[in-house]
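Chemist: Sequence:
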Amino acid sequence: MINRSIENKIRLLSEKFPVVIVTGPRQSGKTTLIKSMFPGYRYESLEDPDTRLFAQSDPRRFLGFREKIVIDEVQRVPDLFSYIQTLSDSQDIPGQFILSGSQSFLLNHHISQSLAGRAAIFHLLPFSLDELWQAKMVPDSPDKILWKGFFPRLYDKDIDPVDFYPNYIQTYVERDLRLMQNIHDLSLFIRFIKLCAGRIGQLLNMNSIAVECGISPNTARAWLSVLEASYLVYLLVPHHASFNKRLVKMPKLYFTDSGLACSLLEIRNESQLGSHYMRGSLFEGFVISELLKGRYNRGLRSNLFFWRDNKGSEIDCLIDNPPQITPVEIKSGSTFSTDFFRQINYWNKLSGNRPENSWVIYGGDTSRITSFGNLLKWDEVRRVPIV
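For the sequence shown, position 225 matches number 222 in the working numbering, and the numbering has no gaps at all.
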(Lines of atoms letter the chains of each structure in order from A and count residues from 1; the text may use other names and numbers.)
(Lines give C-alpha, C1' and ligand atoms only; values in the text may rest on other atoms or scores of the structure.)
Protein backbone atom coordinates (compact mmCIF):
# COMPACT_ATOMS: atom_id res chain seq x y z
CA MET A 1 0.00 0.00 0.00
CA ILE A 2 1.23 3.50 -0.83
CA ASN A 3 1.54 5.48 2.38
CA ARG A 4 -0.80 8.47 2.60
CA SER A 5 0.58 11.77 3.87
CA ILE A 6 -2.61 12.52 5.79
CA GLU A 7 -2.17 9.49 8.06
CA ASN A 8 -0.04 11.17 10.74
CA LYS A 9 -2.55 13.95 11.31
CA ILE A 10 -5.48 11.54 11.45
CA ARG A 11 -3.67 9.40 13.99
CA LEU A 12 -2.83 12.43 16.13
CA LEU A 13 -6.36 13.81 16.25
CA SER A 14 -7.96 10.40 16.74
CA GLU A 15 -6.31 10.51 20.17
CA LYS A 16 -8.00 13.83 20.96
CA PHE A 17 -11.46 13.76 19.36
CA PRO A 18 -14.20 11.13 19.89
CA VAL A 19 -15.16 11.31 16.20
CA VAL A 20 -12.88 11.41 13.16
CA ILE A 21 -14.43 11.97 9.73
CA VAL A 22 -12.61 11.29 6.45
CA THR A 23 -14.31 12.64 3.33
CA GLY A 24 -13.29 12.70 -0.30
CA PRO A 25 -14.33 11.53 -3.76
CA ARG A 26 -15.21 7.92 -4.41
CA GLN A 27 -12.18 5.70 -5.02
CA SER A 28 -9.76 8.15 -3.38
CA GLY A 29 -8.59 5.49 -0.91
CA LYS A 30 -10.66 6.37 2.19
CA THR A 31 -11.67 2.82 3.05
CA THR A 32 -8.21 1.37 2.48
CA LEU A 33 -6.66 4.07 4.64
CA ILE A 34 -8.95 3.85 7.66
CA LYS A 35 -9.06 0.05 7.67
CA SER A 36 -5.26 -0.09 7.66
CA MET A 37 -4.99 2.59 10.35
CA PHE A 38 -7.60 1.12 12.70
CA PRO A 39 -7.36 -2.68 12.28
CA GLY A 40 -8.82 -3.44 15.70
CA TYR A 41 -12.05 -1.57 15.03
CA ARG A 42 -15.33 -3.16 14.01
CA TYR A 43 -15.89 -2.23 10.37
CA GLU A 44 -19.32 -1.54 8.88
CA SER A 45 -20.19 -0.25 5.41
CA LEU A 46 -23.56 1.38 4.91
CA GLU A 47 -23.32 0.63 1.19
CA ASP A 48 -24.41 -2.88 2.14
CA PRO A 49 -28.26 -2.99 2.17
CA ASP A 50 -28.51 -5.35 5.15
CA THR A 51 -26.08 -3.28 7.21
CA ARG A 52 -27.92 -0.12 6.26
CA LEU A 53 -31.25 -1.62 7.32
CA PHE A 54 -29.75 -2.67 10.67
CA ALA A 55 -28.41 0.85 11.27
CA GLN A 56 -31.75 2.42 10.35
CA SER A 57 -33.94 0.10 12.40
CA ASP A 58 -31.84 -0.20 15.58
CA PRO A 59 -29.16 2.53 15.63
CA ARG A 60 -28.22 2.12 19.30
CA ARG A 61 -27.56 -1.58 18.95
CA PHE A 62 -25.76 -1.00 15.65
CA LEU A 63 -23.36 1.46 17.28
CA GLY A 64 -22.73 -0.81 20.27
CA PHE A 65 -21.67 0.19 23.76
CA ARG A 66 -18.21 1.62 24.29
CA GLU A 67 -17.15 -0.14 21.10
CA LYS A 68 -14.77 1.42 18.61
CA ILE A 69 -16.22 1.32 15.14
CA VAL A 70 -15.45 2.38 11.56
CA ILE A 71 -18.55 3.34 9.57
CA ASP A 72 -18.10 3.71 5.82
CA GLU A 73 -20.42 5.92 3.72
CA VAL A 74 -22.06 7.14 6.90
CA GLN A 75 -24.18 9.71 5.04
CA ARG A 76 -26.41 6.85 3.86
CA VAL A 77 -28.07 6.80 7.32
CA PRO A 78 -28.23 10.44 8.47
CA ASP A 79 -30.06 9.64 11.72
CA LEU A 80 -26.90 7.98 13.03
CA PHE A 81 -25.25 11.35 13.64
CA SER A 82 -27.56 12.22 16.53
CA TYR A 83 -26.92 8.88 18.20
CA ILE A 84 -23.18 9.26 17.69
CA GLN A 85 -23.40 12.69 19.33
CA THR A 86 -25.16 11.24 22.38
CA LEU A 87 -22.71 8.37 22.77
CA SER A 88 -19.60 10.50 22.23
CA ASP A 89 -20.81 13.00 24.84
CA SER A 90 -21.67 10.39 27.45
CA GLN A 91 -18.70 8.08 26.97
CA ASP A 92 -15.96 10.54 25.92
CA ILE A 93 -13.69 7.91 24.32
CA PRO A 94 -11.03 9.37 21.96
CA GLY A 95 -11.24 7.90 18.47
CA GLN A 96 -14.38 5.90 19.23
CA PHE A 97 -16.04 6.60 15.87
CA ILE A 98 -14.15 6.71 12.57
CA LEU A 99 -16.54 7.83 9.84
CA SER A 100 -16.06 8.16 6.10
CA GLY A 101 -18.19 9.51 3.29
CA SER A 102 -18.02 10.78 -0.26
CA GLN A 103 -20.60 13.57 -0.19
CA SER A 104 -19.54 16.67 1.66
CA PHE A 105 -22.75 18.66 1.85
CA LEU A 106 -24.72 15.75 3.35
CA LEU A 107 -21.95 15.18 5.86
CA ASN A 108 -21.42 18.86 6.61
CA HIS A 109 -25.11 19.43 7.27
CA HIS A 110 -25.24 16.71 9.89
CA ILE A 111 -21.85 17.59 11.36
CA SER A 112 -22.97 21.17 11.94
CA GLN A 113 -26.22 19.94 13.44
CA SER A 114 -24.88 17.15 15.67
CA LEU A 115 -21.12 16.87 15.83
CA ALA A 116 -19.82 20.44 15.91
CA GLY A 117 -16.77 20.57 18.19
CA ARG A 118 -16.75 16.80 18.60
CA ALA A 119 -15.28 15.76 15.25
CA ALA A 120 -11.96 16.16 13.46
CA ILE A 121 -12.63 16.43 9.73
CA PHE A 122 -10.21 15.44 6.97
CA HIS A 123 -10.41 15.62 3.17
CA LEU A 124 -8.67 12.81 1.30
CA LEU A 125 -8.19 13.43 -2.41
CA PRO A 126 -6.58 10.88 -4.78
CA PHE A 127 -2.82 10.33 -4.58
CA SER A 128 -0.62 13.40 -4.47
CA LEU A 129 2.52 13.65 -6.57
CA ASP A 130 4.51 13.59 -3.33
CA GLU A 131 2.92 10.28 -2.30
CA LEU A 132 3.72 8.77 -5.69
CA TRP A 133 7.24 10.15 -5.40
CA GLN A 134 7.74 8.42 -2.05
CA ALA A 135 6.52 5.17 -3.63
CA LYS A 136 8.75 5.69 -6.69
CA MET A 137 5.74 5.56 -9.00
CA VAL A 138 5.81 9.03 -10.61
CA PRO A 139 5.40 8.81 -14.41
CA ASP A 140 8.34 10.23 -16.34
CA SER A 141 6.58 13.10 -18.11
CA PRO A 142 3.98 15.75 -17.27
CA ASP A 143 1.73 14.62 -20.12
CA LYS A 144 1.69 11.08 -18.79
CA ILE A 145 0.74 12.14 -15.25
CA LEU A 146 -1.90 14.57 -16.53
CA TRP A 147 -3.51 11.91 -18.67
CA LYS A 148 -3.31 9.10 -16.12
CA GLY A 149 -4.45 11.10 -13.11
CA PHE A 150 -4.12 10.07 -9.48
CA PHE A 151 -6.87 7.66 -8.45
CA PRO A 152 -5.34 4.80 -6.43
CA ARG A 153 -6.93 1.97 -8.41
CA LEU A 154 -5.05 3.06 -11.53
CA TYR A 155 -1.78 2.34 -9.72
CA ASP A 156 -2.87 -0.54 -7.52
CA LYS A 157 -4.55 -2.57 -10.29
CA ASP A 158 -2.67 -1.12 -13.29
CA ILE A 159 -5.91 -0.13 -15.03
CA ASP A 160 -5.80 1.82 -18.27
CA PRO A 161 -7.30 5.30 -17.75
CA VAL A 162 -9.42 4.75 -20.88
CA ASP A 163 -11.10 1.86 -19.05
CA PHE A 164 -11.24 3.40 -15.59
CA TYR A 165 -12.67 6.90 -15.99
CA PRO A 166 -15.77 6.25 -18.17
CA ASN A 167 -16.85 3.59 -15.69
CA TYR A 168 -16.07 5.90 -12.77
CA ILE A 169 -18.23 8.65 -14.27
CA GLN A 170 -21.09 6.24 -14.98
CA THR A 171 -20.97 4.80 -11.47
CA TYR A 172 -20.85 8.27 -9.93
CA VAL A 173 -23.85 9.43 -11.95
CA GLU A 174 -25.93 6.35 -11.26
CA ARG A 175 -25.15 5.98 -7.54
CA ASP A 176 -24.27 9.32 -6.02
CA LEU A 177 -26.46 11.67 -8.00
CA ARG A 178 -29.65 9.80 -7.21
CA LEU A 179 -28.81 10.12 -3.52
CA MET A 180 -27.68 13.74 -3.60
CA GLN A 181 -30.16 15.36 -5.96
CA ASN A 182 -33.12 14.36 -8.06
CA ILE A 183 -31.67 14.71 -11.55
CA HIS A 184 -33.98 13.20 -14.15
CA ASP A 185 -31.93 13.57 -17.32
CA LEU A 186 -28.60 11.91 -16.50
CA SER A 187 -27.25 12.29 -20.04
CA LEU A 188 -27.82 16.04 -19.79
CA PHE A 189 -25.91 16.12 -16.51
CA ILE A 190 -22.98 14.31 -18.12
CA ARG A 191 -23.02 16.96 -20.86
CA PHE A 192 -22.90 19.58 -18.10
CA ILE A 193 -19.83 17.91 -16.55
CA LYS A 194 -18.09 17.85 -19.93
CA LEU A 195 -18.83 21.53 -20.46
CA CYS A 196 -17.28 22.25 -17.07
CA ALA A 197 -14.17 20.29 -18.09
CA GLY A 198 -13.84 22.55 -21.12
CA ARG A 199 -13.70 25.59 -18.81
CA ILE A 200 -10.87 24.54 -16.50
CA GLY A 201 -8.85 27.55 -15.38
CA GLN A 202 -11.45 30.03 -16.67
CA LEU A 203 -13.59 32.49 -14.74
CA LEU A 204 -16.82 30.72 -13.93
CA ASN A 205 -19.72 32.05 -15.99
CA MET A 206 -22.77 30.04 -14.97
CA ASN A 207 -25.07 31.78 -17.47
CA SER A 208 -22.81 30.76 -20.35
CA ILE A 209 -22.69 27.12 -19.23
CA ALA A 210 -26.45 27.08 -18.66
CA VAL A 211 -27.19 28.42 -22.15
CA GLU A 212 -24.84 25.97 -23.83
CA CYS A 213 -26.25 23.05 -21.84
CA GLY A 214 -29.87 24.08 -22.31
CA ILE A 215 -30.71 24.44 -18.60
CA SER A 216 -31.55 27.35 -16.32
CA PRO A 217 -28.78 29.22 -14.44
CA ASN A 218 -30.29 28.04 -11.13
CA THR A 219 -30.09 24.42 -12.29
CA ALA A 220 -26.50 24.96 -13.42
CA ARG A 221 -25.59 26.34 -9.98
CA ALA A 222 -27.29 23.42 -8.25
CA TRP A 223 -25.47 20.91 -10.44
CA LEU A 224 -22.15 22.62 -9.85
CA SER A 225 -22.78 22.34 -6.10
CA VAL A 226 -23.22 18.60 -6.58
CA LEU A 227 -19.84 18.38 -8.32
CA GLU A 228 -18.23 20.38 -5.52
CA ALA A 229 -19.86 18.23 -2.85
CA SER A 230 -18.52 15.13 -4.60
CA TYR A 231 -14.99 16.60 -4.59
CA LEU A 232 -14.79 16.39 -8.38
CA VAL A 233 -14.38 20.12 -8.94
CA TYR A 234 -12.81 22.91 -6.93
CA LEU A 235 -13.55 26.63 -7.13
CA LEU A 236 -10.56 28.92 -6.65
CA VAL A 237 -11.84 32.25 -5.35
CA PRO A 238 -10.22 35.65 -6.02
CA HIS A 239 -8.03 37.24 -3.38
CA HIS A 240 -9.22 40.46 -1.81
CA ALA A 241 -5.94 42.43 -2.11
CA SER A 242 -6.84 45.23 -4.49
CA PHE A 243 -3.95 47.78 -4.30
CA ASN A 244 -6.51 50.39 -5.35
CA LYS A 245 -7.45 48.37 -8.42
CA ARG A 246 -10.77 46.86 -9.41
CA LEU A 247 -10.72 43.09 -9.17
CA VAL A 248 -12.77 40.33 -10.75
CA LYS A 249 -15.19 38.67 -8.36
CA MET A 250 -15.95 35.39 -10.11
CA PRO A 251 -14.13 32.18 -9.05
CA LYS A 252 -12.13 29.95 -11.39
CA LEU A 253 -13.11 26.34 -12.02
CA TYR A 254 -10.76 23.37 -11.67
CA PHE A 255 -11.14 19.59 -11.54
CA THR A 256 -9.42 17.91 -8.60
CA ASP A 257 -8.09 15.14 -10.87
CA SER A 258 -6.53 15.77 -14.27
CA GLY A 259 -7.14 12.22 -15.50
CA LEU A 260 -10.87 12.57 -14.94
CA ALA A 261 -10.84 15.90 -16.79
CA CYS A 262 -8.91 14.35 -19.69
CA SER A 263 -11.50 11.59 -19.96
CA LEU A 264 -14.35 14.10 -20.01
CA LEU A 265 -12.51 15.99 -22.76
CA GLU A 266 -12.21 12.67 -24.65
CA ILE A 267 -8.42 12.71 -24.62
CA ARG A 268 -7.60 9.04 -25.13
CA ASN A 269 -3.80 8.99 -24.83
CA GLU A 270 -0.90 11.14 -23.69
CA SER A 271 0.22 11.82 -27.27
CA GLN A 272 -3.14 13.42 -28.02
CA LEU A 273 -2.79 15.52 -24.87
CA GLY A 274 0.57 16.92 -26.01
CA SER A 275 -1.04 18.99 -28.77
CA HIS A 276 -4.45 19.52 -27.17
CA TYR A 277 -5.75 23.07 -26.79
CA MET A 278 -6.59 22.38 -23.12
CA ARG A 279 -3.12 21.15 -22.15
CA GLY A 280 -2.12 24.43 -20.47
CA SER A 281 -5.36 24.56 -18.49
CA LEU A 282 -5.02 20.92 -17.43
CA PHE A 283 -1.45 21.54 -16.29
CA GLU A 284 -2.60 24.58 -14.30
CA GLY A 285 -5.35 22.52 -12.69
CA PHE A 286 -2.87 19.77 -11.83
CA VAL A 287 -0.64 22.24 -9.95
CA ILE A 288 -3.58 23.84 -8.11
CA SER A 289 -4.78 20.39 -7.09
CA GLU A 290 -1.33 19.43 -5.80
CA LEU A 291 -1.15 22.57 -3.67
CA LEU A 292 -4.64 21.82 -2.35
CA LYS A 293 -3.66 18.25 -1.48
CA GLY A 294 -0.66 19.59 0.38
CA ARG A 295 -3.00 21.58 2.64
CA TYR A 296 -5.57 18.81 3.09
CA ASN A 297 -2.92 16.20 3.87
CA ARG A 298 -1.83 18.35 6.80
CA GLY A 299 -5.38 18.57 8.09
CA LEU A 300 -5.66 22.21 6.99
CA ARG A 301 -8.24 24.11 5.00
CA SER A 302 -7.45 25.67 1.65
CA ASN A 303 -5.59 28.98 1.72
CA LEU A 304 -5.36 29.22 -2.07
CA PHE A 305 -6.62 32.15 -4.13
CA PHE A 306 -5.98 33.78 -7.46
CA TRP A 307 -5.60 37.48 -8.26
CA ARG A 308 -6.73 39.34 -11.35
CA ASP A 309 -7.43 43.02 -11.87
CA ASN A 310 -9.77 44.54 -14.45
CA LYS A 311 -6.87 45.16 -16.85
CA GLY A 312 -6.01 41.48 -17.11
CA SER A 313 -2.96 41.32 -14.83
CA GLU A 314 -3.15 38.01 -13.00
CA ILE A 315 -1.40 35.67 -10.59
CA ASP A 316 -2.47 32.04 -11.05
CA CYS A 317 -2.31 31.24 -7.35
CA LEU A 318 -1.75 33.17 -4.13
CA ILE A 319 -0.97 31.18 -0.98
CA ASP A 320 -2.23 33.27 1.94
CA ASN A 321 -0.25 32.58 5.11
CA PRO A 322 -0.50 35.82 7.12
CA PRO A 323 1.49 37.96 7.17
CA GLN A 324 3.02 36.39 4.04
CA ILE A 325 1.28 36.01 0.68
CA THR A 326 3.17 33.76 -1.74
CA PRO A 327 2.59 34.18 -5.51
CA VAL A 328 2.75 31.12 -7.77
CA GLU A 329 2.65 31.24 -11.56
CA ILE A 330 2.00 28.09 -13.58
CA LYS A 331 3.43 27.55 -17.08
CA SER A 332 3.02 24.32 -19.04
CA GLY A 333 5.91 25.08 -21.40
CA SER A 334 9.07 23.02 -21.01
CA THR A 335 11.55 25.75 -21.99
CA PHE A 336 12.28 28.46 -19.45
CA SER A 337 11.74 32.09 -20.37
CA THR A 338 12.19 35.16 -18.20
CA ASP A 339 8.70 36.12 -19.37
CA PHE A 340 7.43 33.41 -16.99
CA PHE A 341 8.05 35.91 -14.16
CA ARG A 342 6.44 38.94 -15.83
CA GLN A 343 3.18 38.82 -13.85
CA ILE A 344 5.02 37.98 -10.63
CA ASN A 345 7.32 40.98 -11.10
CA TYR A 346 4.24 43.17 -11.46
CA TRP A 347 2.66 41.66 -8.34
CA ASN A 348 5.86 42.06 -6.34
CA LYS A 349 6.07 45.77 -7.19
CA LEU A 350 2.48 46.27 -6.01
CA SER A 351 2.71 44.16 -2.87
CA GLY A 352 6.32 44.59 -1.78
CA ASN A 353 6.85 40.83 -1.95
CA ARG A 354 10.45 39.62 -2.35
CA PRO A 355 11.65 37.54 -5.32
CA GLU A 356 12.86 34.74 -3.03
CA ASN A 357 9.24 34.26 -1.97
CA SER A 358 8.02 33.94 -5.57
CA TRP A 359 7.53 30.70 -7.50
CA VAL A 360 7.01 29.57 -11.07
CA ILE A 361 6.13 25.91 -11.74
CA TYR A 362 6.66 24.84 -15.34
CA GLY A 363 6.68 21.74 -17.52
CA GLY A 364 10.46 21.51 -17.83
CA ASP A 365 13.01 19.27 -16.13
CA THR A 366 15.34 21.74 -14.39
CA SER A 367 14.76 23.72 -11.19
CA ARG A 368 16.80 26.84 -10.46
CA ILE A 369 16.91 30.03 -8.43
CA THR A 370 16.74 33.15 -10.59
CA SER A 371 16.98 36.85 -9.76
CA PHE A 372 13.20 37.06 -10.31
CA GLY A 373 12.25 34.12 -8.09
CA ASN A 374 12.25 30.32 -7.82
CA LEU A 375 11.72 28.16 -10.90
CA LEU A 376 10.46 24.64 -10.15
CA LYS A 377 10.09 21.72 -12.53
CA TRP A 378 6.67 20.06 -12.67
CA ASP A 379 7.44 17.15 -10.33
CA GLU A 380 8.72 19.34 -7.48
CA VAL A 381 5.49 21.13 -6.60
CA ARG A 382 5.95 19.84 -3.03
CA ARG A 383 8.74 22.40 -2.51
CA VAL A 384 6.33 25.34 -2.63
CA PRO A 385 5.72 26.53 0.97
CA ILE A 386 1.98 26.11 1.62
CA VAL A 387 2.04 26.47 5.43
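Just so you know, the hints here were simulated from the structure itself, not pulled from any lab data. Mixed in with the good hints there might be a few duds.
The calculated lysine to aspartate or glutamate pairs, modelled on DMTMM-like cross-linking and capped at a C-alpha distance of 20 Å, are [unchecked claim]: (1) Lys374 with Glu353; (2) Lys141 with Glu263; (3) Lys346 with Asp376; (4) Lys32 with Asp55; (5) Lys346 with Asp362.
Chemist: Work down the list of hints and note, for each, if the structure agrees.
Modeler: Structure-based check of each hint:
Pair hint lysine 374 plus glutamate 353 holds up; C-alpha atoms about 16 Å apart against a cutoff of 20 Å. For the proposed pair lysine 141 and glutamate 263, the alpha carbon gap of about 15 Å is at most 20 Å, so the pair holds. Restraint check for lysine 346 and aspartate 376: the C-alpha separation of about 29 Å exceeds 20 Å, so the hint is violated. About 24 Å separates the Cα atoms of lysine 32 and aspartate 55, which puts this hinted pair outside 20 Å; it is violated.
A hinted pair counts as satisfied when its Cα atoms are at most 20 Å apart, and lysine 346 with aspartate 362 does not qualify at roughly 29 Å.
In summary, the structure is inconsistent with hints 3, 4, 5 from the numbered list given earlier, while agreeing with the others.
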